[in-house]
Amino acid sequence: MAFTFWHLANIVTNPLFFNRIYIYFDKDLMYPMRKISILKLSLCITLFGVNLGYAQHKRQSYESIAVKVQMNFNANQPDQIYFLTSPGFQKKMTSEQFTIGMSKFHAKVGDWTSYEFKDENETGVDYLAVFENSRQIFSLKIDEQGKISRLNFATVPVVIAEKSSRAASNNLLKDSLDLWVERVVRPYIQKGNTCGLELAFIHNGQVRKYSYGSVKKTVDQLPDAANTIFEIGSVTKTFNALLLAEEVVSGRMKLTDPINLYLPDSIPELSFQSKPITLQHLVNHTSGFPRLPSNIFKGKIDPKDPYKHYLSDSLYSFLRHYKPAIMPGTVFSYSNYGAGVLGTILERKYGNSFEQLIVSRICDPLDMRNTSVTLNDANQKNFAQGYNEIGETTVPWELASLKGSGAIRSTLDDMVKYTCAQMEMRGPLKKAIALSHQSTFEGRNQSMGLGWRITKSGPNSYLHHSGGTGGFRSFVGFDVERKIGIVILSNAAEDVTTIGEGFLR
Numbered sequence: 065m066a067f068t069f070w071h072l073a074n075i076v077t078n079p080l081f082f083n084r085i086y087i088y089f090d091k092d093l094m095y096p097m098r099k100i101s102i103l104k105l106s107l108c109i110t111l112f113g114v115n116l117g118y119a120q121h122k123r124q125s126y127e128s129i130a131v132k133v134q135m136n137f138n139a140n141q142p143d144q145i146y147f148l149t150s151p152g153f154q155k156k157m158t159s160e161q162f163t164i165g166m167s168k169f170h171a172k173v174g175d176w177t178s179y180e181f182k183d184e185n186e187t188g189v190d191y192l193a194v195f196e197n198s199r200q201i202f203s204l205k206i207d208e209q210g211k212i213s214r215l216n217f218a219t220v221p222v223v224i225a226e227k228s229s230r231a232a233s234n235n236l237l238k239d240s241l242d243l244w245v246e247r248v249v250r251p252y253i254q255k256g257n258t259c260g261l262e263l264a265f266i267h268n269g270q271v272r273k274y275s276y277g278s279v280k281k282t283v284d285q286l287p288d289a290a291n292t293i294f295e296i297g298s299v300t301k302t303f304n305a306l307l308l309a310e311e312v313v314s315g316r317m318k319l320t321d322p323i324n325l326y327l328p329d330s331i332p333e334l335s336f337q338s339k340p341i342t343l344q345h346l347v348n349h350t351s352g353f354p355r356l357p358s359n360i361f362k363g364k365i366d367p368k369d370p371y372k373h374y375l376s377d378s379l380y381s382f383l384r385h386y387k388p389a390i391m392p393g394t395v396f397s398y399s400n401y402g403a404g405v406l407g408t409i410l411e412r413k414y415g416n417s418f419e420q421l422i423v424s425r426i427c428d429p430l431d432m433r434n435t436s437v438t439l440n441d442a443n444q445k446n447f448a449q450g451y452n453e454i455g456e457t458t459v460p461w462e463l464a465s466l467k468g469s470g471a472i473r474s475t476l477d478d479m480v481k482y483t484c485a486q487m488e489m490r491g492p493l494k495k496a497i498a499l500s501h502q503s504t505f506e507g508r509n510q511s512m513g514l515g516w517r518i519t520k521s522g523p524n525s526y527l528h529h530s531g532g533t534g535g536f537r538s539f540v541g542f543d544v545e546r547k548i549g550i551v552i553l554s555n556a557a558e559d560v561t562t563i564g565e566g567f568l569r
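Residue numbers for the sequence shown follow my numbering, beginning at 65 and rising by one.
Just so you know, the hints here were simulated from the structure itself, not pulled from any lab data.
Where hints are given, some of them may not hold.
[Stated by the list, open to error] The calculated lysine-lysine pairs, modelled on DSSO-like cross-linking and capped at a C-alpha distance of 27 Å, are:
| # | residue 1 | residue 2 |
| --- | --- | --- |
| 1 | Lys-155 | Lys-132 |
| 2 | Lys-273 | Lys-255 |
| 3 | Lys-227 | Lys-211 |
[As the list claims (entries may be wrong)] Using C-beta positions, here's what the derived DEER-type ranges look like:
| # | residue 1 | residue 2 | range |
| --- | --- | --- | --- |
| 4 | Gln-285 | Met-391 | 19 to 27 Å |
| 5 | Asn-416 | Ile-331 | 14 to 22 Å |
| 6 | Lys-372 | Lys-132 | 29 to 37 Å |
| 7 | Lys-387 | Arg-230 | 52 to 60 Å |
A virtual CB, placed ideally from N, CA and C, is assigned to each residue, including glycine.
Use the sequences and the hints to build the structure in full.
Structural data, given as structure tokens:
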């Protein structure tokens, strides 16, 4: 840590400082050049005084900006914070990007209750900021014109100890697969912020299932493959895509259909240089829509359930004011909003809820009896308790008009049925499944099918998707050629993607 003017100010204002200076220079006066030594003392004290004044002025300048940032943050006015930033800052980030980011952050952490000076360093000044649901390092830098040139929040690292005892498991540790699963899952489940995990390994039509941990930290009960229900998060997008694929192979919709065909007439044409946004662009994340819409965090938001307020009127309101800025189909940009729009379009076309479509078109044909969006009384008792990144309990998420992006809840057994259907491409959905596996966009790092990410691994390639909500993580992946599949469900916000992809590479 660098020694700064503010550290100097703290030293100079300490009475012991002057005693130490006196003693030091009193010894110096024992030598012949007493006048020079006294001059040294006077000059030193003068410089300290100047530096003290500068440090105090600098601190006051930073404090005045920090107060404004906090005030506008709590007033849900990120645009007013953006107004305080420098031209250089604004070149790197547009007002809309800043507003979306700050609004999403506010929804996550809640109101800003207090802050205190922590440190000055080469990047500016750091404060310890306390929010309703989080503690953050608030970093601020101000340029010579008094404008913010750097503004950043970083979660205060929380050291989470491992579990004091060995988490339970049904892994018999009898063969190489058992040992492989144990080797990769054990470090995960022993983390203090995790709770339970289920894993299914599929090979040549044979399924091996493993359970670790518990359905709730206060209950000594392993997750049950048949009955324990998890939120699968963004794996929902593959269901959304399969619904669309079924419409396409049945001739009722086309991937090249402009989305305006299925939206209210009040929505203006959504196109860039006369090229419309199509259904395919929604499902392979090349529509140009943002990850989340700019109006999603307006008003008072419940940070524990941040999307439940976003109803269809808000979704349509964003579309009415949205102006495409890039050519559709040219750039991959992951969009939860785009998936929500697709789900809404499918609901509008058939006059049924997203859940009704999922159950009737996918779950019933595949005999997935415990997969749904809403939780009835029977499912509620089997719903695993979710935990956030630091091991605190979470509430079930409601996705409102964005259900197509991540609202499904399911069991391991049901997700195994879904994955086997994907691998074998059998049954009434086989044509739709085959279509969803076809690449529709080639990126530098990966390709996109309909909803599925396609990753090359040496001579092989595999399809996969991961998911996450406030208190859950999931992964589904498979290699059709090698006949290998993997399903992972966890009731903690600790990523499982690395574990899942490790079985497929």
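Taking the hints in turn, this is what the structure says about them:
Straight-line distance between C-alpha atoms of Lys-155 and Lys-132 comes to about 22 Å, which keeps the hinted pair within the 27 Å bound. A C-alpha spacing of about 21 Å is found between Lys-273 and Lys-255, which places the hinted pair at or below 27 Å, so the restraint holds. Distance check on the hinted pair: Lys-227 and Lys-211 sit about 47 Å apart at the alpha-carbon level, beyond 27 Å; violated. About 52 Å separates the C-beta atoms of Gln-285 and Met-391, a value inconsistent with the hinted range of 19 to 27 Å.
For Asn-416 paired with Ile-331, a C-beta distance near 21 Å keeps the hint of 14 to 22 Å intact. At about 31 Å, the CB distance of Lys-372 to Lys-132 agrees with the hint of 29 to 37 Å. Roughly 56 Å separates the CB atoms of Lys-387 and Arg-230, a value that falls within the hinted 52 to 60 Å.
Checked against the numbered hints given earlier, the structure breaks hints 3 and 4 and satisfies all the rest.
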